[in-house]
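Student: The chain contents come next:
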Amino acid sequence: MERKDKVRRLLLAGVGGQGILKASDMICTALMYEGLDVKKSEVHGMAQRGGSVTSHVLYGSKVFSPVAGRGEVDILIAFEILESLRYINYLKPTSKVILNDFRINPPVVNLGIMKYPEHIEDIWKEQVTSLEVIKAREIARKAGNFRSENVVMVGILARHLPVKREIWERVINESFSEDLRDVNIRAFQLGYSALPS
Amino acid sequence: MKALLSGNEAIARGAYEYGVRFGAGYPGTPSTEILEAFSKYEGVYAEWSPNEKVALEVGIGAALAGEKALVTMKHVGLNVAADPLFTVSYTGTNGALVIVSADDPSMHSSQNEQDNRNYAKFAKVPLLEPADSEEARRYVKIAFELSEKFDTPVILRTTTRVSHSKGIVELEEPTAYEDKRMIKPDVAKYVMVPAMARGRRHEVEKRLRALKEYANTCPENRIEMADPEVGIITAGMCYNYAKSVFPDYSYLKLGLVYPLPERLIRDFASRVKKLYVIEELDPFIEEQVKAMGISVVGKEIFPYAGEFDPGIIYEAITGKKNITLTPPEIEIPPRPPNLCPGCPHRGIFYVLGKLQVFVTGDIGCYTLAFMKPLEGLHSCICMGASVSMAHGMSKALKEKGRGKIVGVIGDSTFLHSGITPLIDIVYNKGEAVIVICDNRTTAMTGMQDHPGTGFTLQQELTKAVNYEELGRVLGLDSVRVVDPYDLKETEDVLKEELSRAGSSLIVSRRACVLYRREKVKQESLWVDEEKCVGCRQCLNVGCPSLSWIDFSDLPEGAYKKITKKQKGRALIDADSCTGCSICAQLCSKKAILRKG
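Same order as they appear, the protein sequences are chains L and P. The C-terminal position of the first sequence is numbered 196 in numbering that gives the first Met the number 0, with every residue numbered one higher than the one before it. The C-terminal position of the second sequence is numbered 595 in numbering that gives the first Met the number 0, with every residue numbered one higher than the one before it.
To be clear, the hints were calculated from the coordinates, so they are not data collected in a lab. Don't take each hint at face value.
Pairwise CB distance ranges, derived in the manner of DEER restraints [claimed, not checked]: (1) P/D226 / L/K141: 54 to 60 Å; (2) P/D482 / L/E177: 35 to 41 Å; (3) P/G60 / L/E177: 40 to 46 Å; (4) L/S192 / P/Q457: 43 to 49 Å; (5) L/K61 / P/V480: 17 to 23 Å; (6) L/K134 / P/G556: 23 to 29 Å; (7) L/E125 / P/K589: 44 to 50 Å; (8) L/K124 / P/D281: 43 to 49 Å; (9) L/E125 / P/V519: 44 to 50 Å; (10) L/S60 / P/P218: 21 to 27 Å; (11) L/K124 / P/K298: 39 to 45 Å; (12) P/E202 / L/K61: 40 to 46 Å; (13) L/K141 / P/D281: 50 to 56 Å; (14) L/E177 / P/V519: 21 to 27 Å.
Just so you have them, the derived chain L footprint on chain P, three or more residues with Cβ under 8 Å [as the list claims (entries may be wrong)]: (15) 162-174; (16) 240-250; (17) 315-324.
Backbone N, C-alpha and C define an ideal beta-carbon position, used for all residues, glycine too.
Please construct the entire structure, taking both the sequences and the accompanying hints into account.
Tutor: Okay, structure coming up:
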């Protein structure tokens, strides 16, 4: 279905504890500061404990739904390799995929009941024309703290969003306590420049 | 000023802007953040009550004293608070009383997906339903206005998608607090003995008639005429889903969902060719519209269970599906929520699973212990049911059940609904073993304080319930305390209590690893390759920090076998390991060691 609304739809996916909700908060705040309408949605509570976590972010001149339907997502930002595949039916052939090359075994894999699927990157190469793969956790370690993995991912995504650099810096400064600002500014910058744009 | 707020934060903001300064509730996803946000505003009194019934009664008391009271809970919480709800509908509220019921279609974090709009009809009180954060902020004010104007409790119903979505909200200057507090007896209105209740019963019907009339002029019930071919009656989040896929159709968007605006509905129906009602869960609006003799399409094409999204609505009406990428033909391992690394519940449930007892469980993070590999929990119905069900089972089984039934309940859940059934066990000479998993907080909903933590919602120091003393005072035959990080002690005590006659209470005490007040920094553990024989014992606790390295996935020479038949070895992720040592206690080769 072709949409008239010109709303852009992002889907962040990963594992509880990777800072996905914080990342989507930062993205929404930045889009709001740019004067756009924005909505986001996610599920807290039981679903959060080490399980799959997603966050939908929709922005444009006027946004109604805070969630994207299947086949509607423009950019998938996957914080973990396997989690990228779980939401493949939210994507369309023209979708862009940003993939963090990082693996967290689900319990069934650790227990030896199932195998962690191999070659997920190749599956994406066949399905979409735009795939960006990055080792965000390693980059975050270089920035000074592996927990800034989420901010590295925001940095990579930022190249595709209509938000000025100074707004990103304002958002990062507002999102973290003073002792964590420098490492996260570095993480953002390293993410932003990690790939050729 | 604009702000990006969740639906829950917006409700708190709206209440504060309206001059509300009194709030009570019990944490429950997706409602928890409302009272948390409200409690942080200047000059506000807010409390976590032990359960929703108490919270509502606290709110009724405050309203009777002239205050505007906000009471928050999740959908199943309103079941607990149903008793006062049905009668405060008769008495009216004096000040003002708004009850927020946060429903959970799709059961993201709940045991059922009941549709609490039914409570409004059942209790004969008005119900408003916002569609996003900005409406949440405005509707809570309308709810208080209606409560004041019609002397009625009002339900503000949200769903997970409204409560936990964020959107841009236009903040307004808060109204100054107006002190209307009073002590004014009015026994005919507030003493609901039969003679007086019969009188109030008619007041309820009069009020409902007045509210029905108001519904037709309520500005939040609005017709948006566009293409007259298709008309959609909808409310709440479904409005946004529908607008995003069908921007050109005509809408009757309802803000006041009970009682319904009959004239407005008839008017709208007469102006469109084909009429749909789009609503999640029960056909609440649909049945009432049909009862007006109006022909509508509803649940024959829309799902009756689970939450909707734009695609579900698009597909139901057009019969067409969006083009999506095709999932590859591989099995994607599921990733359900799991107990955190270092979770103290892991120790107690590992032992319970090992002892092969039947565990009646309860509501909390520990409910997850039903899964592989712990498999240490066998029922979950509602708050407090673990204690009463364990008693019921052991009474029914008699000697067949002796030493085989354990009821397990969290600390916050115990204080919510576990004490009365514990009295029942003592009173009726029950023999079930009850375990309180005291992790010092309400963990599942995000670390809320409760009467056992020693802190109030507004972070004042207060008294803390002592479970051991309480157990003794109630008359339990035996009260014990264990540290669930110590597997041997936990197993020994459980075995002793299971083998003895009489009632017994075990407090399994260890703070949640995420609980900031009792955070213990310990070095992470590691697996010594020179010692690990790949027996998988440690993996049986299901810790997310522990994983399995399959030697067949590695090139020759990249691994070392200790025994001939060894197929792999365990690995600990140092980033997430908290050093709790539960896995190390299971390692017969002493291959799991502490760093440093």
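Student: Kindly indicate which numbered hints from before are broken by the structure, ordering the numbers from low to high.
Tutor: 5
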